[in-house]
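Participant: Chains A and B, in that order, give the protein sequences.
Using the UniProt record's numbering, you'd call the opening residue of the first sequence number 1 and step up by one each time.
Using the UniProt record's numbering, you'd call the opening residue of the second sequence number 1 and step up by one each time.
What the hints contain is simulated information worked out from the structure, not anything from laboratory work.
A portion of the hints provided could be inaccurate.
What the hints assert, rightly or not - Here are the simulated DSS-like cross-link-like pairs (lysine-lysine), alpha carbons at most 25 Å apart as the crow flies:
hint	chain 1	residue 1	chain 2	residue 2
1	A	Lys63	B	Lys33
2	B	Lys63	A	Lys57
3	A	Lys136	B	Lys33
4	A	Lys60	B	Lys155
5	A	Lys136	B	Lys136
6	A	Lys276	B	Lys345
7	B	Lys317	A	Lys60
8	A	Lys141	B	Lys136
9	B	Lys63	A	Lys60
10	B	Lys136	A	Lys250
11	B	Lys63	A	Lys276
As the list claims (entries may be wrong) - In silico negatives: residues of chain B with every beta carbon more than 10 Å from chain A:
hint	residue
12	Lys163
13	Ala185
14	Lys210
15	Glu288
16	Glu304
17	Glu355
What the hints assert, rightly or not - Distance ranges between label pairs, derived from CB positions:
hint	chain 1	residue 1	chain 2	residue 2	range
18	B	Ala29	A	Asp321	52 to 62 Å
19	A	Glu81	B	Phe218	20 to 30 Å
20	B	His146	A	Thr85	30 to 40 Å
Here a beta-carbon is modelled for each residue, glycine too, at the ideal position from N, C-alpha and C.
2 protein chains.
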Amino acid sequence: MSQNTLEYVLANRIQGLDTSAIRKAFELAGSLKNPINLSIGQPHFPCPANIIEAGCKALKDGKTAYTLTGGIPELRSALAEKYKTTNGISYATPERILVTSGISSAFLLLFNALLNEGDECLVVTPHFLMYPAYIKIYGGKMNTVHQSFEPEDLKDFSNKKLKIIIYSSPSNPTGKILSRKQLEALAELAEKTGAYLISDEIYELFDYDKKFISAGSFYEKTITLSGFSKTYSMTGLRLSSILAPEPITKALTTLQQYTIVCAPSVTQWMGLEALKTDMSSYIADYKEKRDFVYDSLKDHYEVEKSEGAFYFFIKIKEKDDDFILRAIKEKELILVPGYIFADSKNYIRISFASEWDNLKKGISALVALA
Amino acid sequence: MSQNTLEYVLANRIQGLDTSAIRKAFELAGSLKNPINLSIGQPHFPCPANIIEAGCKALKDGKTAYTLTGGIPELRSALAEKYKTTNGISYATPERILVTSGISSAFLLLFNALLNEGDECLVVTPHFLMYPAYIKIYGGKMNTVHQSFEPEDLKDFSNKKLKIIIYSSPSNPTGKILSRKQLEALAELAEKTGAYLISDEIYELFDYDKKFISAGSFYEKTITLSGFSKTYSMTGLRLSSILAPEPITKALTTLQQYTIVCAPSVTQWMGLEALKTDMSSYIADYKEKRDFVYDSLKDHYEVEKSEGAFYFFIKIKEKDDDFILRAIKEKELILVPGYIFADSKNYIRISFASEWDNLKKGISALVALA
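Extracted from the complex, chain A is given alone in its bound form (with noise of 0.2 Å):
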């Protein structure tokens, strides 16, 4: 039987998922000698040494067997106190709480567990380029409202029958950090339509103006994200947190024992150890460089200031893909298209999670392409 003639029919639910946009740019980046790289969504810096001891530590102490479903106990109460502490949400407790496998598994629990077919979704935008795909493989419909909207912009939503909203703040691709009445402006529309409120905090360690908010902290039913992947440099080893009203961790727990299983046994061991780590230093870098790219490019580009993550993501004449392929050969400097997180082809997205050199190329061909 040759394999050529066969019909393989796929589930309705991922047809027309698609990662060639992201995958284009990175066979291009392949081909290149010296390429000046500004796409990577990750920190540039090593995971910090007393992590990567607990980990060999973990290992060496046979920690290599299934953990409880919803985590080891060890780290539920460390995160508690770190909800409470770092992000002011008094209510935290360990039974909120589910340790799983990196973000992208959270949004595989949440929305698997709570979107029916049909379901309204409102994102704020540009967003994370999951989110879309997730509400389509599990048949919701997105709405979106732009990052700088104001309370009175959600009214057109208030009488919809939303099921979930979402936002990553900081944000990738834009590290915009959505401010308090904005955030207090979209927990008034979950509690009115019902909805969930999803406040995705990968980011929340890089904020570099002191502006962040949980929304945890002052609206209960908020379900926050927090992962350990940027913040420490683990993005490989799999390992967040959910933090959510009872019922809902109960639900969502019940759902990894089918799926995820449990968080992978010796990165959680290297979680708790992580959350005892101070990162200011990453993040003072991580700042400088921040106010180096906004002061190299505020001349030459439509540009603001991003607030966090390490993200800029940049306003062009151009069609982007036409842009990024014009940044590949005449800079080979490498970039992310913007159409992937945002309903407009003007943009693309910058990392200064770089080295020094790297970035300072990377931004003076950018300057020399405007």
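Place chain B on chain A using the hints.
Facilitator: Relative to the frame of chain A, chain B by itself:
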């Protein structure tokens, strides 16, 4: 806003998912002083030291970032070689292999990608308890055929529009290894109906009489699932692989990019070392235990000799829940009820993945309970 006054509306697809049966057994177990435990679904031996070392080395080498979605190339190549030499699957290539985060993640990807609402599935029963859960989550309809089936018993299904045929061999919960004749009949049915044949081979190495055959060795469209969890005692580290026709592997890889992202990086390097590790002494130990259990029980219970995995599925004269409660109360013996694996309430599952001392006590207790 009090949390208790809220109604938390979950998606229909996860309504009724329940883990209370197993949880109840574990809770009861938790109250015992000196329990004898024959319920454990993972090896009792530690993960071999060379694999632990490989994990530490990967950590110290800074392998903490995202890997390629499909897995590190070194592991995919080693797996292709394993499939060729160990499983007799001549067409295995790295391009057909997706490294993922445990067999449960493989199910998640497969059922998500392949099953539409209303699609018919055929499950060889007694079956792994997650199959019905996945079929339910993704809206399929479940049909079963008993593991003792003859090829002609499949006739009833040949006019159905089957989408998925799935079995585990060696079987959890029975230890049964499907014969070549049975596998050929399932492959023929898959070919005739256009169904995907999913062969869950997580227990492949636990094959005490050299009976195990990979369906993929003679049917190229087989989707073969292989795990590291049980073989190398690393259930908490979340690593498995899927070998499938390339279009399927490609679709699953795209879906993985949006869900699992990648298998844990460090675990992948451990998997590479694991494939070089000789486990024959561990298997010999389990074979001896298998023989001991069978010889001890065969005159007291209606029981078939387990051929693989590390389970016996034992017929009892009372309702499984009653028997299990009696075992706990009279003997402090922990068992798993059969009804979570089969449409019958007259079986229990025991695991012989245990130290001799615990196993001998447990079997004596079982004999006394007969």
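Participant: Are B:Lys63 and A:Lys60 close enough, with their CA atoms no more than 25 Å apart?
Facilitator: Given pair B:Lys63, A:Lys60 holds - Cα atoms ~18 Å apart, limit 25 Å.
Participant: Checking one constraint from the list: CA of B:Lys317 to CA of A:Lys60, max 25 Å. Satisfied?
Facilitator: 45 Å, violated
Participant: Using Cβ atoms and 10 Å as the threshold, tell me whether B:Glu288 really stays out of contact range of chain A.
Facilitator: 23 Å, holds
Participant: Is the claim that B:Glu304 lies outside the interface with chain A correct, judged by CB distances over 10 Å?
Facilitator: 28 Å, holds
Participant: Next pair to validate is A:Lys276 with B:Lys345; report whether the Cα-Cα distance is within 25 Å.
Facilitator: Since the Cα atoms of A:Lys276 and B:Lys345 sit roughly 49 Å apart, the hinted pair is violated (cutoff 25 Å).
Participant: Taking C-beta pairs only, is B:Glu355 more than 10 Å away from all of chain A?
Facilitator: 15 Å, holds
Participant: Would you assess whether B:Lys210, listed as outside the interface, keeps its beta-carbon beyond 10 Å of every beta-carbon in chain A?
Facilitator: 28 Å, holds
Participant: B:Lys136 and A:Lys250: Cα distance at most 25 Å?
Facilitator: OK: B:Lys136 and A:Lys250 at ~19 Å, within 25 Å.
Participant: Against the 25 Å threshold, does the CA-CA distance of A:Lys63 and B:Lys33 hold or violate the hint?
Facilitator: 24 Å, holds
Participant: Holds or violated: 20 to 30 Å for the Cβ distance of A:Glu81 and B:Phe218?
Facilitator: Since A:Glu81 and B:Phe218 have Cβ atoms about 56 Å apart, the given range 20 to 30 Å is violated.
Participant: Can you confirm whether the C-alpha distance between A:Lys136 and B:Lys33 stays at or below 25 Å?
Facilitator: 50 Å, violated
Participant: Next pair to validate is B:Lys63 with A:Lys57; report whether the Cα-Cα distance is within 25 Å.
Facilitator: 16 Å, holds
Violated hints for the displayed structure, listed by number in ascending order: 3, 4, 6, 7, 12, 19, 20.
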